[in-house]
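Enquirer: Now for the letters of each chain:
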Amino acid sequence: MALHATHRDAGDVMVVDFSGRITLGEGSALMRKTIRGLLEDQRTKILLNLADVDYIDSSGIGELVSGFTAVKNRAGDLKLLHLTKKVRDLLQITKLYTVFDVFSDEQTALRSFNS
Amino acid sequence: MAPDTKHLEVTLETQVESVNLAEEMCLRVAEAAGFGEDDCYRIGMSVREGVINAFHYGNQERPEKKIYLAVDLTSDKMIIHVLDEGTGFKLSDVPDPLAEENLLSTSGRGIFLMRAFMDEFDVVPGRNGGAEIVMSKKLPAPGSTSANGQGGQSTTPQQEA
Chain A
442 MALHATHRDA
452 GDVMVVDFSG
462 RITLGEGSAL
472 MRKTIRGLLE
482 DQRTKILLNL
492 ADVDYIDSSG
502 IGELVSGFTA
512 VKNRAGDLKL
522 LHLTKKVRDL
532 LQITKLYTVF
542 DVFSDEQTAL
552 RSFNS
Chain B
62 MAPDTKHLEV
72 TLETQVESVN
82 LAEEMCLRVA
92 EAAGFGEDDC
102 YRIGMSVREG
112 VINAFHYGNQ
122 ERPEKKIYLA
132 VDLTSDKMII
142 HVLDEGTGFK
152 LSDVPDPLAE
162 ENLLSTSGRG
172 IFLMRAFMDE
182 FDVVPGRNGG
192 AEIVMSKKLP
202 APGSTSANGQ
212 GGQSTTPQQE
222 A
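So the sequences go chain by chain: A and B.
The number in my numbering is simply the position in the first sequence, starting from 1, with 441 added.
The number in my numbering is simply the position in the second sequence, starting from 1, with 61 added.
Take these hints with a grain of salt, some might be off.
Stated by the list, open to error - As a list, the in silico BS3-like pairs of lysine-lysine whose alpha-carbon atoms are at most 30 Å apart:
#	chain 1	residue 1	chain 2	residue 2
1	B	Lys138	B	Lys151
2	A	Lys526	A	Lys513
3	B	Lys67	B	Lys127
4	A	Lys536	A	Lys526
5	B	Lys199	B	Lys127
6	A	Lys520	A	Lys536
7	B	Lys138	A	Lys526
8	A	Lys536	B	Lys199
9	B	Lys138	A	Lys527
10	A	Lys474	A	Lys527
11	B	Lys199	A	Lys526
12	B	Lys126	B	Lys67
13	A	Lys536	A	Lys486
14	A	Lys474	B	Lys151
15	A	Lys536	B	Lys151
16	A	Lys527	A	Lys513
17	A	Lys486	A	Lys520
18	A	Lys526	A	Lys474
It should be emphasised that the hints constitute simulated quantities derived from the structure, not laboratory data.
All chains should be modelled from the sequences, with the hints used to inform the complete structure.
Expert: So, in structure tokens, the structure goes:
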């Protein structure tokens, strides 16, 4: 299933709802384009909602890390919300679960950007 | 090759679409062989990573080069071979993606994932100088919880003569 992304404002945080697969090719490219576009618009507080992302490969993981680093380099924060079991397991075995701030509740995630 | 081994092979173009094609093909074989959903996911992911490795690192994304994918289904395991037309590499030269200094690397996790998801994994010199990834997964015991009971689907590999 192709990746889709929609944005919504939540105060000074931009929430991006992704759905589909983040894999080599269009999926990874869309994630890159989405995050880079937000940074160009000076949006540096980004919450990626991955509730409907059921598959991610090493290319998608690489793109997540790339986005995380790009946002950090702009003194911002990129956090993750609602990981599916497969995505959570992948982040755990690659030790990235400890790198990202991961939330299961959106309001808690939004509040964390200003704490 | 043992007489009861079923063999399937395909030559893939060096393009992104080959990754999905290889994954889908091997998933059908794995489902037909009786692997359950979790094992099918692991096999599919490993095939993806093997072909991504051949596409990107082995063949350097050069369209004139080919990727060779082969699947052997023996009486006890599914063996997958992914061969590229690159210059080969040694597993010992692959950086550990779990090392602190590599955690934020944007690449280099494919080999790690294949090792994690398959029962056996190795890289050997290919017949044409490239790298050949060889990985396998044991077939589920009949009636085990890992078997999906959906063996005998239409995409059964061909019996080699």
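Enquirer: Please go over all the hints and tell whether each is borne out by the structure.
Expert: Comparing the hints with the structure gives:
no., hint, result
1, Lys138(B) <-> Lys151(B), "25 Å, holds"
2, Lys526(A) <-> Lys513(A), "26 Å, holds"
3, Lys67(B) <-> Lys127(B), "23 Å, holds"
4, Lys536(A) <-> Lys526(A), "15 Å, holds"
5, Lys199(B) <-> Lys127(B), "28 Å, holds"
6, Lys520(A) <-> Lys536(A), "16 Å, holds"
7, Lys138(B) <-> Lys526(A), "27 Å, holds"
8, Lys536(A) <-> Lys199(B), "27 Å, holds"
9, Lys138(B) <-> Lys527(A), "24 Å, holds"
10, Lys474(A) <-> Lys527(A), "24 Å, holds"
11, Lys199(B) <-> Lys526(A), "24 Å, holds"
12, Lys126(B) <-> Lys67(B), "27 Å, holds"
13, Lys536(A) <-> Lys486(A), "23 Å, holds"
14, Lys474(A) <-> Lys151(B), "34 Å, violated"
15, Lys536(A) <-> Lys151(B), "24 Å, holds"
16, Lys527(A) <-> Lys513(A), "25 Å, holds"
17, Lys486(A) <-> Lys520(A), "8 Å, holds"
18, Lys526(A) <-> Lys474(A), "25 Å, holds"
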